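Asks: Sequence:
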Amino acid sequence: MIRMKNVVKNYSKGVKALRGINLTIEDGEFVYLVGASGSGKSTLAKLLYREEKATKGQIEVCGHLISKMKERDIPKLRRQIGIVFQDFKLLMDRTVYENIAYALEVIGTEPEEIEPLVMQALRYVELESKANDKPTDLSGGEQQRVSIARAIVNSPKLIIADEPTGNLDPQTALEIMRLFYRINQKGTTILMVTHNRGIVDKIRNRVVEIEQGKVVWDENKDENVIQYDVSLGEYVAV
1 MIRMKNVVKN YSKGVKALRG INLTIEDGEF VYLVGASGSG KSTLAKLLYR
51 EEKATKGQIE VCGHLISKMK ERDIPKLRRQ IGIVFQDFKL LMDRTVYENI
101 AYALEVIGTE PEEIEPLVMQ ALRYVELESK ANDKPTDLSG GEQQRVSIAR
151 AIVNSPKLII ADEPTGNLDP QTALEIMRLF YRINQKGTTI LMVTHNRGIV
201 DKIRNRVVEI EQGKVVWDEN KDENVIQYDV SLGEYVAV
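FYI, in UniProt numbering the residues of the sequence shown are 1 to 238.
The set of hints was computed from the structure by calculation and includes no laboratory data. If you're wondering where the values come from, they're calculated on a predicted model, not measured in any experiment. C-beta: ideal position from N, C-alpha, C; glycine also. Among these hints, one or two may not hold up.
Unchecked claim - Taking lysine-lysine and the DSSO-like style, the derived pairs with C-alpha atoms no more than 30 Å apart in a straight line are:
(1) 5 / 53
(2) 13 / 202
(3) 202 / 46
(4) 68 / 214
(5) 46 / 56
Said to hold, decoys possible - Taking CB as the label site, the calculated pair distances span:
(6) 137 / 10: 42 to 50 Å
(7) 36 / 75: 29 to 37 Å
(8) 76 / 98: 20 to 28 Å
Using the sequences and the accompanying hints, generate a full structural model.
Replies: So this is what it looks like as structure tokens:
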């Protein structure tokens with residue numbers, strides 16, 4: 001599903017966001033990507049859907065070698081990825097239905113297929129009755145459910161969620177996490193960028209920690225833990 005090999009990302013003025021990332025995520029996994037602010041986790045996520053381009057290294061996502069992908073081929077990649085943001089990124093002048101339908105329109109879905117797909121996604125997130133409401137009429141939790149419906153409407157292989165509970169109260173955040181869990185149980189791979197340790201501890205999944213642009217901790221489902229030892233300059237089992 002995701003393969004990153006020796007990935008480096010440098011910005012202008014000498015900022016080194018990622019310093020040789022090696023990471024593999026298999027089909028159907030649910031992985032938390034954690035780290036302090038500025039550690040590089042959001043940059044890593046953006047590389048996966050080609051919002052940013054790696055400086056060096058190889059990245060493969062959903063069978064696409066995106067480190068060498070041409071700009072015209074990026075839409076093909078994004079048809080297989082659903083993206084959920086902390087700030088929802090909804091179109092406030094459009095209805096809930098129109099927000100989700102737009103995600104299908106931009107990838108060229110046939111018009112007659114759009115309505116059943118949108119309503120199916122809304123039923124899944126339990127917002128069918130809100131189809132004609134504007135986002136401004138909804139609570140924060142409901143707005144995030146709309147953004148999740150938009151992300152899953154095309155049945156993507158992978159969902160990348162960047163701090164999806166960051167603006168939500170603890171109870172609403174837990175409800176959103178349960179929704180992601182249900183989506184993952186149906187076979188969708190999920191990579192979730194988060195700083196919410198309470199959620200990570202409550203709903204256990206593989207945890208990958210980024211520090212200063214490097215993977216320093218990788219705890220997989222089988223509780224095998226690999227940690228980066230700075231003194232040795234290599235990964236060791238702990």
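Asks: Could you tell me which of the numbered hints above are not met by this structure, giving the numbers in increasing order?
Replies: Checked against the structure, the only hint that fails is number 2, while the rest are satisfied.
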